[in-house]
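K.L.:
If you read the sequences in order, they're chains F and D.
Count along the first sequence starting at 1, add 47, and that's the number in the numbering used here.
Count along the second sequence starting at 1, add 47, and that's the number in the numbering used here.
Among the hints, erroneous ones may be present.
Identical copies look the same in the list; a pair holds intra-copy or inter-copy alike.
Below, simulated DSS-like cross-link-like pairs (lysine-lysine); rule was C-alpha separation at most 27 Å, straight line [to be verified]:
| id | residue 1 | residue 2 |
| --- | --- | --- |
| 1 | Lys230 | Lys215 |
| 2 | Lys215 | Lys243 |
| 3 | Lys332 | Lys215 |
| 4 | Lys244 | Lys230 |
| 5 | Lys243 | Lys230 |
These are calculated hints, taken from the structure and not from any lab test.
2 protein chains.
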Amino acid sequence: MDTNSSLRIVQYGLGPIGQATAETVLAKSGAVTLVGAIDIDPDKVGRDVADVIGNGVSDANVRVSDDAEEVLATQRPDVVLHTTTSFLGGVTDQLVQCARAGAHVVSSTEELSFPYERAPEASDELDRVAQDEGVVIAGTGVNPGYAMDTLPLMATGVCTDVQGVHVKRVVNASERRHPLQEKVGAGITTEAFEEKKAGGTFGHIGLRESLLMLADGLGWSLETVEEELRPVHADTPVDTGFRQVDAGDVAGIHHSATGRMQGEPLLTLDLQMYVGAEASYDEVKVEGAPPIDLRFQGGIFGDTATVGMLVNTVPLVARAQPGLQTMADLPVPRAFATKPLVEGAL
Amino acid sequence: MDTNSSLRIVQYGLGPIGQATAETVLAKSGAVTLVGAIDIDPDKVGRDVADVIGNGVSDANVRVSDDAEEVLATQRPDVVLHTTTSFLGGVTDQLVQCARAGAHVVSSTEELSFPYERAPEASDELDRVAQDEGVVIAGTGVNPGYAMDTLPLMATGVCTDVQGVHVKRVVNASERRHPLQEKVGAGITTEAFEEKKAGGTFGHIGLRESLLMLADGLGWSLETVEEELRPVHADTPVDTGFRQVDAGDVAGIHHSATGRMQGEPLLTLDLQMYVGAEASYDEVKVEGAPPIDLRFQGGIFGDTATVGMLVNTVPLVARAQPGLQTMADLPVPRAFATKPLVEGAL
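Bound conformation, chain F alone:
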């Protein structure tokens, strides 16, 4: 990477994740430069992005605008950090808009992490536009994007043969920020859980995408993909500081996905996110030669890791081949513009 030229970044979407990515971009000033910020929230429009972020961030001299077209046209970003929604349906136009402005896009949209099965037409369009414009469009985050797809794929990298991959992620939601606790339904009743589930957008978004990315990376054609979403109930009362969860109430989710070939569950993803979990951890077991038994003690802390993956993917897309890409197409993600670099450069 050419560390002499600072990449121009526009932050598209200033929800909690977008604010955190913008803050990280500001912290890496020099390697990347925040040149624009887009959000439609009237409470944010017109304010300096640093003021929206809070946390004592110094004035960024970047005003939040609700006119994406204008920001993209005037600021000519190298990369757009896109954090508006989990679902592909609402954002294809936004992604096309960024690419048409000549910008690479790194997006937190979970369904974009491996969009080919759920949205083949949108995938074709995004790939075509990206190639036309010579830019990369990629979806990433900690999960999907790392913990249950890219990482297990990398775990198989040393194997001469693989017969199965089994991934488990347990997140003690008590340690996480409030939106995650709300997202997993901590404190609601079982009835409310079933109602939310019937709504179709509850649960972890992107589990299916992780399974499909893993299968595709291994060259496996799965015959069936099953998903199951169940509540985890609190055994004892839990007070997270944000929420009070009574014994018997929903503590969170147990969401699993299974990919089968010849009836056998060769790929399994098991995700448990609930308040009061004894320990957080990430685990990948590969049945193969050699067998792999990998564990992240304490887990991969998602609030920070999602932001890390989004920002760290910026330099990777900036030098990748144009088109719609997944984390399986890009070089190994790694941190960049960290403190020792910045201090060393002074």
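Position chain D against the provided structure of chain F, taking the given hints into account.
P.N.:
The following block gives chain D in isolation, referenced to the frame of chain F:
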């Protein structure tokens, strides 16, 4: 990857690793096709490569030749699997020869994994030739290539900031094949160890390269790099089946590398390979946000994993941008043409 076209592979070097990679290529027949084999050993030349490998491998209809030029010219391989020596000095000409024949090269040469510091001129030449010919030249293996460089780099991929990376690999050499036990000096005296060490080619080859690849991937300019190589002594007698090691004799090596910035040991690689070790494991600790504490229980079994990395890198180089590349430049390594795929294709 286009799984319809089988990649034509030439195996260059038929020592233990080369025989194992050739065997793996034969096992993945369909996705890859072994079209040639090169070795200078008169005991191997002229025989079918399957006969050299043994292990009940079926006749491959590929005869071992000592005429590399002729094999490359007549077989026109897409990729050469190159496994002749650990050191760059002797192999630059071989690598150039393969590239000039229009073949990508995946090599087990440890010093090739990150050759820029040790051999800047050879690196320039290899990069120029590879770009001229539109091919990729890359060095890989389990270590260097994965356990102490690519993997820790990937561990930082979720971090918004990193203050240090500490990698530990403990290998119980009793579980490994005889050449590894010999390589680490199991059963020799302390005096013999010091003599071998003074020879300059003893110890693990590539530790410095791993440290430099990790630093480069993070964009860190290390001020100093220190290496230390010490013997591990056997507390009690060890019989590995291959070697008898008496108490007090050398059981293996403890090889470490430290990269400092502003005097601080920010990158440390600690490698212990000795017979009689209680447990094998690989561990990566990242001081950062979030902190990472990753462990491969039972370790990454190197005899197989080196072969896995070499063969799994074949499809990656075949679609990468031309030039001299490292594992930090290529997409995330993953297994390919595994049994479920092969069975599914039947």
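K.L.:
Would you mind marking each hint as holding or not holding in the structure?
P.N.:
Hint by hint, here is what the structure shows:
With identical chains, the CA atoms of Lys230 and Lys215 are at most 27 Å apart within one copy only, with a shortest distance of 19 Å there and 37 Å across copies. Taking the closest pair of Cα atoms, Lys215 and Lys243 come within 27 Å of each other only inside a single copy of the chain (24 Å); across copies the shortest separation is 45 Å, beyond that limit. Taking CA atoms no more than 27 Å apart as the test, Lys332 paired with Lys215 passes in both settings, with 9 Å inside one copy and 20 Å between copies. Taking the shortest alpha-carbon separations for Lys244 and Lys230, only the intra-copy value of 12 Å comes in at or below 27 Å, while the best inter-copy value is 58 Å.
Taking the shortest Cα distances, Lys243 and Lys230 sit within 27 Å of each other inside one copy (10 Å), while across copies they are farther apart (60 Å).
When each numbered hint is compared with the structure, no violation occurs for any of them.
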